[in-house]
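Peer 1: For the record, the sequence lines run as chains A and B.
Under the numbering used here, think of the first position of the first sequence as 1, with each following residue one higher.
Under the numbering used here, think of the first position of the second sequence as 1001, with each following residue one higher.
In case anyone wonders, no lab produced these hints; they're calculated from the structure.
Keep in mind that a hint or two might mislead.
[To be verified] Stretch by stretch, here's where chain A covers chain B in the computed footprint (C-beta under 8 Å, at least three residues):
1. 1087 to 1095
2. 1118 to 1126
3. 1130 to 1142
What you are looking at is a predicted structure, and each value in this text was computed from that prediction instead of being measured.
Where a beta carbon is used, it is the ideal one built from N, C-alpha and C, also for glycine.
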Amino acid sequence: MEITDEILIDLYKRMVRVRLFEEEAGRLAESARLPGFLHLYVGEEAVASGVCAALENQDQITSTHRGHGHLLAKGGDFNRMMAELMGKSTGYCKGKGGSMHICDLDLAMLGANGIVGAGVPISVGAAYANKLKKNGLISVAFFGDGATNIGAFHEAANMAAALSLPMLFVCENNEYAEYSPRNKTMAITDVIERAAAYGFPGAIVDGMDCVAVFEATSLAIEKIRKGEGPMMLECKTYRFYDHVGVKGTASNYRTDEEVEEMRKRDPLLVHETRLIDSEVMDAESIQAIKDEVQKEVDMSVEFAENSPSPELEDMLVDVYTTGESS
Amino acid sequence: MSPDNIFEGAGEVSSNGGNSSERKLGYGAAVVETMAQIMREDESVFVAGEDVGAHGGVFGYFRGLQPEFGEDRVVDTPIAEQAIIGLGIGSAVQGLRPVVDLMFMDFICVAMDQIVNQAAKLKYMFGGGAKLPLTITTAGGAGLSAAAQHSQSLEAMLCHVPGLKVVMPSDAYEVKGLLTSCVREDNPTVFIINKRKLGDTCHVPEELFEIPLGEGHVVREGNDVTVVAIGRMVDEAKGAAEKLSNEGIDCELINPRTVQPLDIDLIVESVSKTGHLVIVHEAVRFGGIGAEIAAQVQEQAFDYLDAPVGRVAAPFSPIPFSPALEKQYIPDAERIVAGIKNLF
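The task is simple: from the sequences and hints, build the whole structure.
Peer 2: Below you can see the structure in the form of structure tokens.
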């Protein structure tokens, strides 16, 4: 398929939006201006950006505890996200969900999830709705390598295959299940082997290259939309910061050298080099995008900090849907 | 006795000369009839679960649906309880009205994350944006020598989770009215079908009707003691009330119908009149719904109570297999009588 300049620039913008938002969130967390846990997506931007750029607006995604990147790559709003991270009433979840439950149903983003692997069965349900409604949409489940060790993933993979659902499984293999390396938590090297076990095809993709992810996703969803059943992509990627927060518990689960080595493959750098080498953009216009996005990020911090906290009476609101059913 | 035998025949509609007011229907058959009628009027409703399609469910309460509505709307799933609930959640968020079946109530434990951490909380965590018109049907209750993993009454665990509604029909009439409400409800509900009741018949209107969730029912009026009985225990409590009326104790019998939300006002009002309260359920006594009812009644009607609140419930052990033991395990009319007399 042809990758136009427009697509290349779009991919870059998506990644920059994720990167700069996340870096800002990291700084805020380090200065104790964000409550709760923060799982940053920095390093993995090529995956969410490559996948989401290939989707239709109403294709559903389910996400993970590391979910900011998925929503931003799908078009999420900085202000509502930052406000949610600060627990403000103007946030995506009115301040009652926080980082791990960020969602935007209008963008068909069915929620980040605090339980590893739990979004995958929900994605099966969305895919089933698509099948029943014959609406031509697909649902995409993002999950990590660690999630492929939990039962929910296996139940969902088998059910999606058995019911031949329009669903794309996207494994973000960052090589660590929280603080435990892949080779200590599974006896296989490539997670993609698990797709074969359930009878659907898949491919390993360079998850540090947004174009590779975009191309693989486009190919996969074309087949899925034709009714060929689920598929899986294993995107080999890497998280630059810790499982939670920015840097360093005293833990030595991985070396600084390893992180530095992987940072040489920073998905933004990889793509910037491509953009410049192919003369799609020059350094100046790249910087202009970054400046513009950073300005938006800064404004979102201001928006969030100036937003009110939820009122006490909001505590018991939305536990149930009330009123006449539709 | 196998579950199929329990259901066999007794679930058929018995016609009484076309007189709708006398029409009787079985408890299990009421599930089938209700689902069929709802599915005819609402295309967004579908059923999914283990063996619900071709086999009609292991208890037969989905029998005949797949031939009428097809495999896409009556879906045989793998044995995968987490994915079954996930199937319901994801499709409900997308605007369908799934009815997903967990076969035996004990199996909710296999799917607890999807029920408790996902279905119950999504709306709240998402800031109210999501609707979850999801019904989970499941067969609870003991009495078939199905032993400790196929007989439990775990409603108290579910009641403890904000976001869920927990519904326990005691007869075929309530099956129809409550199931209709559950499927039309925009919140996740757990509809607990008592497997010993499947063949019992009673009057059930032909047309769909709703019994509001959260409204209890006074089964029998009385002045001396309020008896709150849950699910199948309503039958046993009726028997106990009859016996006691011969001995001069006049029972007011309340069937909450749903345990979450719980119609505590109805119970408090009754206790204010009778001054005595006994709660009856099949679940174990410790931490059962009876404990919650007792606590709320002492908070709201302490001055009216003439005696401590009594509870008749199962002992604190897994459910034994042997019929000799199981019979002793489940509360019956005799034990309810004893429990009530204790108060006087």
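Peer 1: Does the stretch 1118 to 1126 of chain B contain three or more residues whose Cβ lies closer than 8 Å to a Cβ of chain A?
Peer 2: Since 6 is at least three, the answer is holds.
Peer 1: How about the stretch 1087 to 1095 of chain B: do at least three of its residues have a C-beta closer than 8 Å to a C-beta of chain A?
Peer 2: The restraint on the stretch 1087 to 1095 of chain B holds, since 9 of its residues have a Cβ under 8 Å from chain A and three suffice.
Peer 1: At least three residues with a C-beta closer than 8 Å to a C-beta of chain A: is that true for the stretch 1130 to 1142 of chain B?
Peer 2: Holds, because 4 residues of the stretch 1130 to 1142 of chain B bring their Cβ atoms closer than 8 Å to Cβ atoms of chain A.
Going down the numbered hints, you'll see the structure goes against none, and every one checks out.
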